[in-house]
Structures are given as structure tokens and as C-alpha cells.
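Visitor: The whole structure should be built from the sequences, with the hints applied where relevant.
Residue numbers (the working numbering), protein chains in the order written: chain A, 1 to 349; chain B, 1001 to 1304.
Calculated directly from the structure, the hints in this document are not laboratory data. Quantities reported herein were computed from a predicted structural model and do not represent experimental measurements. All the given hints hold, so there is nothing to weed out.
In silico lysine to any residue, SDA-like type, Cα no more than 25 Å apart, as pairs: (1) A:K148 with B:A1265; (2) A:K148 with B:P1270; (3) B:K1090 with A:E126; (4) B:K1293 with A:E208; (5) B:K1034 with A:I204; (6) B:K1034 with A:D127; (7) A:K287 with B:D1118; (8) A:K287 with A:F10; (9) A:K293 with B:T1121; (10) A:K293 with B:V1123; (11) A:K293 with A:F254; (12) B:K1090 with A:R125; (13) A:K202 with A:Y188; (14) A:K202 with A:T219; (15) A:K216 with B:P1292; (16) B:K1034 with A:V319; (17) A:K194 with A:T219; (18) A:K287 with A:L310; (19) B:K1293 with A:D217; (20) B:K1034 with A:P324; (21) B:K1090 with A:R205; (22) B:K1090 with A:G36; (23) B:K1034 with A:I315.
If you want the footprint, here are the derived chain A segments under chain B, 3+ residues with CB under 8 Å: (24) 128-140; (25) 318-331.
Here are some chain A residues pointing at chain B (derived, C-beta under 7 Å): (26) P38; (27) P120; (28) A121; (29) G146; (30) F258; (31) W261; (32) P301; (33) F302; (34) D303; (35) W306; (36) Y309; (37) G313.
The beta carbon of each residue, even a glycine, is placed where N, CA and C say it ideally should be.
Spelled out from the first residue to the last, the chains are:
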Amino acid sequence: MAPIDQVILFTVDLSALFAVYLIINIGLNMQEGITGIPNFGIVFAVAGGAYIAGGLSTRLTVSLLGVQTNFDPVFDNVAVLQLVNPILRSQPSTAIALLILFLIIGGMAGALMGLISSAPAVRLREDYLAITLLAFGEILNVIGIGYKPLIGGPIGVNVPDIFGWAGQYRFYMGTLVLLLVAMAIFAYAGYLIKTPFGRTLKAIRDNEIVARSLGKDITRLRTTSILFGSLLCGIAGSLWVLYSGAVTPTYARFDWTFLPWLMILLGGMGSNRGTFVGTLIFVTLNKLIIYYKYEFVGILPFDVVWLNYLLLGIITILVLIYRPEGIVREKWTATGQNLGAADKGMKDG
Amino acid sequence: MELVTLSTIVGWLTYSALLSLMALGVTLLYRTTKVANFAHASFVTVGAYVTYTLSIALSPNPYLGVPVAFVVVGAIALLLFYAVLEPMRKRNSSTVMLMIATLAFDIIMLGVMNIHADFLTNVYVVPSRNVLLSGSDFKFMGQPGILCVALGTLLLCSAALYLLLNFTTLGIALRASMENSSLSEAIGINVSMMLAVSWFIAGGLAGIAGALIPLWTLINPNIGTVLLASIFCASIVGGLEQIYGAVLGGFLLGLVDVVGTSVLASLVGPWVAFYEPVIPLLVLSATLILAPKGLAGVRVRRGK
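Guide: Quick look at the structure:
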């Protein structure tokens, strides 16, 4: 492969991963950074979006396109997709409509998972909530492996090729769509944080008692924040499945909880722009590590994958000790009264 | 057909005793440092691999690893405390930040344990994943030795902890710094030292529990991560405010988990057993809804 092709491939792959993680991290930042809910189980919402959108995608496509077949969409997955994919390839508009439908399903599944996992502990103190959410984390993998009709058990299933109509540019088109969705969500989150709703969430984070004394329904607002954050995680999960073309029950705490935490920490908690910067820096760095660590294969007497764990764990601890506020410090939100103060604060900072 | 067999009860008691030992440390750390220690997972894994590594390198007696694991994992807990948590505490980091730090430490240890396992396989050419040592266990009254060892260790450790906390100056200072750290500092208690002591004890208990695991079930570098949800559940179900609640939580969770699953499996069908990991969550959710302070927080109302 020519070097320029390698660079393009590297960038496209990187951008897709960046888009997916950006959506998840905005969802996590909404919960932890803005509202102060330590969600250590976002993998639950990501996997929920991935499994439910992924599991339903073939069934829905078959019934919506009116394809007549005796094959089972999950157990005869490959045969069904051979019937469905050519139709999607010839009808880009149908494919895009289905894509939007799957994103809605994924988002709703994610929100539902957020609701289920937080319900027992949302009224309690944040540490109880953190432990409960962490405990729920990887439970969907058990169900994904055990309940075969969902996503076909341990090996997973393929999903309809929504981007097939772009032909040889399939992955470019997929990346473009992912980036567009991610940027739209980024812009909306930036707006939402500045609205009265967003400022109320920050008030709950900074002083729950004051917020309560001003008549804010803390439990309802915290639940709303978890719902919104989990909705984004579900969308990201379904996008990742549609982009990569398959879903397997292997959603682990390391990839989908620990790494997002590391990214928002690196960028600066509570800052939407910080989330963007942290995600970009981290995804690029991680991709380069993965790219170059194979230089060590054969030299070291162990699997080089584990070096990643050591390196990322150490980076997190260093950030926590030496730069806990992250790269981009959270800004004052400008309102009518404190507009002058905010300007001054920005100049000083 | 019997619903509950003898081997199910043996399984329940062994599992519960080990779970209680692990949960005891989690509750202790929660009481002293106010942190839910996610690194408890890797503490357990390290303990398990101490036993396994010693059993291949030195002697076939699998119980040799227990005291060694206590010291090794206690030392690792001290490393986490002094190298990571203490510098953060001095900078007034929030509880959530401390929790992320324990999560990051857990990820590092997960990497280390996997490298250790790869090393055993690639350099010393011994199996290192999904291994079991129960073959070299002794038999006591026809039952595996691990049953009485696990129960005995739990009894011994809880008694030692009780004596330490209630009848020694160190223990009283430790409890004082749990109740009110700034007041304790004012009367000259070295709170940082007390925290270090609690981390060593909690790490040591997790190490002991981990060291006994290879005699009970297959170990691999993920064993702690897999158990973590159950450990936390036992801790919360027992009540985070009461140290010995962890033992209550451990036995209750073990009962529902092992006996409950086996009864359900024989009544409904064997497929139920596959969903066993879901059970701790159901118990946890039910407890949080019915008794948010855990079972030890429930007061029985008495008439006067």
C-alpha cells in the first residue's frame, strides 16, 4: 500500500473512533461534569444501544422492506443479509431512513438502560450511585451471550450494510455520517449547557442544598441528566455497530467506561470544548500507540496489548495528581447579571 | 430429587466466606477513606496468583500462599495509598476523583497480572489461565479442606479485626479518625498513618481471600474484575456504615446466588444458571429500594 493510502486509512479510522467517543464523552460529561453524577457504568448504556439496535436492525429491515424469506434474521443472519444488502445498496434514501430509525432505537435503548441502572440509587448519595452503576456495567454481556435471539450469542451477528450504497467509499461515507452526527450533538450540548436547564444542573452539582432550597426537584433533574447522557451513549453504541457492520457481546468496562472517563478528565470536566479537545488528543495518541506498539511484538515475552493498560492507567493517575482540572478549564456561564464578571474572569484566566 | 444438595451448601459457605473477606476490606476503606475501592478487584487477583505462582515455584502446598498474599497485597495497597491517593488527598481531590484513581490503579494492575500470566506461560512454560489448585487440597470429613479453611479464616480475621478496633490504642485511634478526622488530627492522631493502616489491612484481607480462590474455582487474570460487582453488592447489602455488615451481606448474597440459583435451576430449568451474574444486581437493587442503609442499618422496632 502506498504511504498516502495508509495515511488516509489511518485518518478515516481515527475520525470514526473520534466521533463515537465524542458522543459518549458528551453524554458522560453531561452526567459527571455538569450534574456531578459519577456514572461508572456508561458501558451499560453503550452496550444497550448497540445490542438492541444491532439485534433489531436485521429484523426491522426485513419487515420494512417487505422481503419474503423463511430464514431467521438472527440465526440465518448471513443468508438474510445477502437478500437485504443488495436492496439497500440500490436505494440510498431507504438506507438513510433506516439509519435514522436505528439511531432513534439505539438512543431510546440507551436511555432506558440509564433509567434501569440508576433507579435504585438515584435518591441516595453519589457514592452509592457510583457503586450501583459500576455493578450494572457489564451485565448486558451476560444477557447478550446467554439469550441467543438477541444478537446470536457469543459470536454476535452482522447488521445490514446501511452505507453499502457508497460502494468502495463505504467507510469514508460512514465516517462522514458519524462525524456529522457527533458535531450536531456537540453543538447542541454546548447550547444546552448555557440554557437555564444546564445552569440548574450545575447548581445541583455545586450545592445541592441551595438548589433544593430554591425549589428544584433534585431527583427529577438528576434522572433527566442520566436519561440524556445515556441516550447519547445509546446513539453512539448503535452508530458504532452500524459503522463496523457487526455486534458482539464483548462490551468491556475498559473500553467503554474507563477510556471515556480518562478522556473527559484529560480535556477538563464540565467543559464541552474540553471534552472535544480531550477526546481528540486521546484518540490520536491511543491510535498511535496501537500503531507503533506492534514494533515490540516478538521482542517482549508477553502480549503487547497489556502495555496499553499500564500506559493509560499511569497517564490517568498523573493527570489526577498534577492537572486535575484538565486541559481546558470550565468556563463561567455568562448570564445577564454576571456577564461583566465572566468577561473579567476570562481575561484573568 | 433433592432441591438443595450437600455440595450446594458447601459451595454456598465457601463462596460466602471468601466474599465476606473481600467485602470486609471494601467496607473498612469506605469507612476510613470514604472511597469505594475499585482496585479491590486486582487485589483479589494478585492474591490468587501469589498462591498459584508459589505452588509451582516452591511447594505443592496451596495454603503456603495465604500469609505471603497478605503481606504482598497489603504492600500493594500501601503503594496505591502513598503513591496515588495521599498526594491527591493533600490537593483536596474529591471523592469521585479518588475513585477514578483506584479505577486507574486497577487497570494498571490488570495489565501487570496479564503480563505475569503471559510470562509464566511463555518463559516458564506452565499454564497460567483457567487453572485450579483444588487437586492438591486436603479432605476434611469427606469435604474439601477449603470449606473449613475459608470459614476458619473469616472467623479468625473478623475476631482479629474486632480485637484490634476495640481493645488496642491503634484501633481506637483508627475508629476515631473514621468518625471525625479533623478532630482526631487536633488531638494528635496521625490520620494519614491511620488511613495507611486501614489500606494495609483491607489489602491484606483481599489478598487472603484471593489466595484461597484457586482452591475453590478456576483463576485467570480477570477473576477479581468478575467478582467486583458481587463484592460491592455484599458490601452495600450489609450496609456501608457497619464494618461487620459485610459478613452478613456476604452470606446473604452467597445464599441467594449459589442456593437460589441451584433451586431455580432445578425448578425452572438449567438455563437459569447462566444468568447467575444478574443475581447480585437484583439483590442490590432490592436492598437499595427497601433498606437504603443496608441490612445492618435496619433497626427492629421494639415495644416498651
